[in-house]
Amino acid sequence: MSEFVRPLSKEEFEENFSQIKPIMNDTEAYLESSRCLFCYDAPCVTACPSGIDIPLFIRQINTKNITGAAKTIYEANYLGNTCGKVCPTEVLCEGACVFNHQNVKPLEIGRLQSFSTTNAIERGVELCYVREDKNKKVAIIGAGPSGISCACELRKEGFEVDIYEAKSQPSGLALHGVAPYKITNKEVLTEMNYLKNQFGYKVLYNTPIDSKDKITALEAKYDAIFIGVGLGKSKSISIKGETNINVYGAVEFIEKLKLQHQEVFLGKKAIVLGGGNTAMDAASECARMGVGSVVLAYRGSEKYMSAYAFEYDLAKAVGVKGLFNTLPVEILEEKGKLVGVRFINTAYENGELVAISGTEFIEECDMVIMATGQSKKVDFLAWIDHLSLDKESRIEVNEKFQTTNKKYFAAGDAVNGGAEVVNAVSDAKRAAQEIKVYLSK
Amino acid sequence: MSDLSINFAGIKAPNPFWLASAPPTNSGYQIMKAFDQGWGGAVWKTLGVPVINVSSRYGGLDYRGTRMMGFNNIELITDRPLKDNLKEIEEVKKHFPDHAVIASLMVETREEWHQIVRDVENAGADGLELNFGCPHGMCERGMGSAVGQEPEVIKMIVGWVKEVAKTPVIVKLTPNITDITVAGLASVQGGGDAISLINTIQSIIGVDIDNFVSYPNVGGESTNGGYCGPAVKPIALNMLKNCAQHPYINLPISGIGGIENWKDAVEYILLGAGSVQVCTAVMHYGFGIIREMIAGLEQYMDQKGFKTIDDMVGKALPKIKTWENLNLNHKVVAEINNSKCIECQLCYTACEDGAHQAIGINKEETRVPYIIEENCVGCNLCSLVCPVEGCITMKRKDNGKEVITWKEKTMAGDVPTTFDDERAGGAGHHVPKPADALKK
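Each protein sequence line maps, in turn, to chains A and B.
Counting from 1, one number per residue, gives the positions in the first sequence under our numbering.
Counting from 1001, one number per residue, gives the positions in the second sequence under our numbering.
Simulated from the structure, these hints should not be mistaken for laboratory data.
Being a predicted model, the structure only gives us computed values, none of them experimental.
Do not take every clue at face value.
[Stated by the list, open to error] Result set (EDC-like, lysine to aspartate or glutamate): computed pairs, CA atoms no more than 20 Å apart in a straight line: (1) A:Lys64 / B:Glu1292; (2) B:Lys1083 / B:Glu1112; (3) A:Lys182 / A:Glu14; (4) A:Lys269 / A:Glu3; (5) A:Lys64 / B:Asp1208; (6) A:Lys316 / A:Glu122; (7) A:Lys240 / A:Glu330; (8) B:Lys1363 / A:Glu3; (9) B:Lys1440 / A:Glu90; (10) A:Lys268 / A:Glu333; (11) B:Lys1307 / B:Asp1003; (12) B:Lys1162 / B:Glu1150; (13) B:Lys1304 / B:Glu1267; (14) B:Lys1409 / B:Asp1398; (15) A:Lys321 / A:Asp366; (16) A:Lys64 / B:Asp1210; (17) A:Lys196 / A:Glu122; (18) B:Lys1440 / A:Asp53; (19) B:Lys1439 / A:Asp41; (20) A:Lys337 / A:Glu364; (21) A:Lys105 / B:Glu1389; (22) B:Lys1363 / A:Asp41; (23) B:Lys1087 / B:Asp1062.
Given the sequences, and given the hints that come with them, work out the whole structure.
So this is what it looks like as structure tokens:
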């Protein structure tokens, strides 16, 4: 049983979704930074996809040079504040901390990172010097983590940057997809606002690039284009009943919850289908929204779930029950009302997952969340000439993040098929450097 | 069961833990509270010439999350009237007849010394401590460390005090002097019954880099103060050793400087202290720290089989020699316990940049470093920087038999004599080529 009562007010929502990595105060940050060993060739840096010089910024915190710490972070990662809160640090920097070898609690690197960047943002610390105008214009499609990161780096190099964003707010999944207990909307948007003020790129909101004509117009206006569109809607798994009104795609469910908070009305018993990190988030969120019973159903066994162990632990901690080796066969309806899911048990035979006949059973519920992956934005990508996709419909790029259409560069989920914010930020920054090389030819 | 009681130069106390003359002994109230909690003695905050104090008075030196590993003050001797202090000494002695109450004193003229000695002895003080150490404020008026830096003046004033004193006289020495044994010897010559050391070290604790003024800040200005706290312990231990080993300073020594726990106290006693005095630790944590100090000392003594404090005093002194008498053949090299290593590579970078390039890493295979034994000079640095207890140890490599010292070699005419003498220790020892430093 979940221990959360359905939140009815903003305060109750915030209590149910209290931050698992709250911002440190000065004393906590100082004491925590004092624990750092300042390893040689530190493993935490190697483990960080954006290669932040972690021992350096921790040392800067320890010597009360908080501005310097924030600069060290932003130099490597433009979403330094957001990443400090939403990164799976347990498997990245903190997972690599040498203290783990001694069963000593690793440094809270993520929280130290958020501490120093929050401090810098609040004080409006000037981050960098924008180089001389290069008289070249770059369009960025999508104001998500990759688009924003690419924009900052290009602006730093002196390029003019316009970002085209279909939605009314920036940051993509950081705002619309990350669980509310990892970061608040306000925190995400504050960093977005700070970066925009620091780097001076333009964002055109509510401006989807949704036709071939618009693509053609962009190509005429800009010297290079960066695609940071991420992924599309939740994927269908083609089972009977999945069109019921109480069947939600995980991405859409999370987005709705992120934007409407306690106004979202949920059922009494939810089944979440899937075994990835998004499934864990969706299940946790249901539990924190006061859904009495939340079952996470995964077709394979627990150890084959793609979710990080700590994410499943988070879900379990709020009362989510795991159901493994259960393949959904049909979503059951009675007079249009969702009443349950028929599952069949599975087993691995020669490495293949197979259903075991005669093991069907019904798990009652009044809502289903399908966290079974996101679709690719293939319609949009088809409008761009000579743009090749791989067999999983991811954009093909070379080592320079350049697509098969030389004018286009791409990074983030649309290229890697769905990874962490930090991967998108890091790759897009490198892509911006390649755009610079491309445009200086 | 061990007996913690002491008889220090004739001053008896239930244990060797005394409060040093300082703010924690400013009043009878504080001293009674301390005795009640277990302190064995107290040296009253220095009584003497009238003063006025400033505010603020203290500065702290923090280190990586630890507050006050060093501490400095510009407070003067007591600013309370003498008659109040005398009345309180009397009262404390009434309640605690078996505890040591020592009056710290600082006045100028012979007459003043005579008068104040009689006053405090009449009030019931068990002993006297002459403050020849205060390195701020008072020294500008020709007292405190100004006295402690002049052996002739030490001798003279100790002599004045001894003319009237009926109780034991402890001379408190300043470390702000080239050779503390000179002051120790002057104390002996003046007729002192014991010495205590060290007083604080003249210091600037730090600078406010925003306002360009050092600490502590007195209305936008500052002055040098006296440094104490855990950071000064090594300096004090060395001065203690110097006096304790001196052939003509055969006086009991009360050890002072950075003592915070039982282990600190044991170190002082092993180097020759018959009692220990504590100030900064009490100013930081209060009188309650005495519980841990007494319990720890008792346990140590029981474990080691010491019956009395006297059994321990100076126990480590015979093994402190001059450098020339150390065994040049003793050879140790570092050994890394791979299963304990947490792969921080601090030993690698410390040895590589700060010592003898005797630790290697092999990036491809593991982050656990390895010792290049032929380059290792056995300096210890790696084991000191290693954050894991017992991971890096120094293993003995010599045969343990032949002992040869610099002194013996000198006498045998077998020491390097020219700058390029091949007999120098480092001749032929591996060092990388300078240009190797630039290889990426």
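Okay, the hints, checked on the actual structure:
Taking the CA atoms of A:Lys64 and B:Glu1292, the gap is about 34 Å. The hint is violated against a cut of 20 Å. Note on B:Lys1083 and B:Glu1112: the hinted pairing holds, with a Cα-Cα distance of about 15 Å set against a maximum of 20 Å. Simply put, A:Lys182 and A:Glu14 have alpha-carbon atoms about 12 Å apart, close enough for the 20 Å limit, and the pair holds. With a CA separation close to 14 Å, the supplied pair A:Lys269 and A:Glu3 stays within the 20 Å bound.
Restraint check for A:Lys64 and B:Asp1208: the C-alpha separation of about 13 Å stays at or below 20 Å, so the hint holds. Only pairs whose Cα atoms come within 20 Å are accepted, and A:Lys316 paired with A:Glu122 is rejected, the gap being roughly 35 Å. For a cut-off of 20 Å, the pair hint linking A:Lys240 to A:Glu330 stands: about 5 Å separates their Cα positions. Restraint check: the Cα-Cα separation between B:Lys1363 and A:Glu3 comes to about 48 Å, which exceeds 20 Å; the hinted pair is violated.
Our distance criterion of 20 Å between C-alpha atoms is broken by B:Lys1440 and A:Glu90, whose separation comes to about 32 Å. A threshold of 20 Å between alpha carbons decides the hint, and for A:Lys268 with A:Glu333 the separation of about 16 Å falls inside it, so the pair holds. Taking the CA atoms of B:Lys1307 and B:Asp1003, the gap is near 6 Å; set against the 20 Å cutoff, the hint holds. Under the criterion of a C-alpha separation no larger than 20 Å, the hint pairing B:Lys1162 with B:Glu1150 is consistent with the structure, at around 18 Å.
Taking the CA atoms of B:Lys1304 and B:Glu1267, the gap is near 14 Å; set against the 20 Å cutoff, the hint holds. For the given pair, B:Lys1409 sits about 18 Å from B:Asp1398 by alpha-carbon distance, which is consistent with the 20 Å threshold. Proximity of A:Lys321 to A:Asp366 is assessed by CA-CA distance (about 16 Å); at most 20 Å being required, the pair is judged to hold. Restraint check for A:Lys64 and B:Asp1210: the C-alpha separation of about 13 Å stays at or below 20 Å, so the hint holds.
Between A:Lys196 and A:Glu122 the alpha-carbon distance is near 14 Å, which keeps this suggested pair within the 20 Å criterion. For the given pair, B:Lys1440 sits about 19 Å from A:Asp53 by alpha-carbon distance, which is consistent with the 20 Å threshold. Of the supplied pair hints, the one linking B:Lys1439 and A:Asp41 holds, its CA atoms being roughly 16 Å apart against a limit of 20 Å. Taking the CA atoms of A:Lys337 and A:Glu364, the gap is near 12 Å; set against the 20 Å cutoff, the hint holds.
Note on A:Lys105 and B:Glu1389: the hinted pairing holds, with a Cα-Cα distance of about 17 Å set against a maximum of 20 Å. For the proposed pair B:Lys1363 and A:Asp41, the alpha carbon gap of about 10 Å is at most 20 Å, so the pair holds. At roughly 39 Å between alpha-carbon atoms, B:Lys1087 and B:Asp1062 are farther apart than 20 Å, so this suggested pair is violated.
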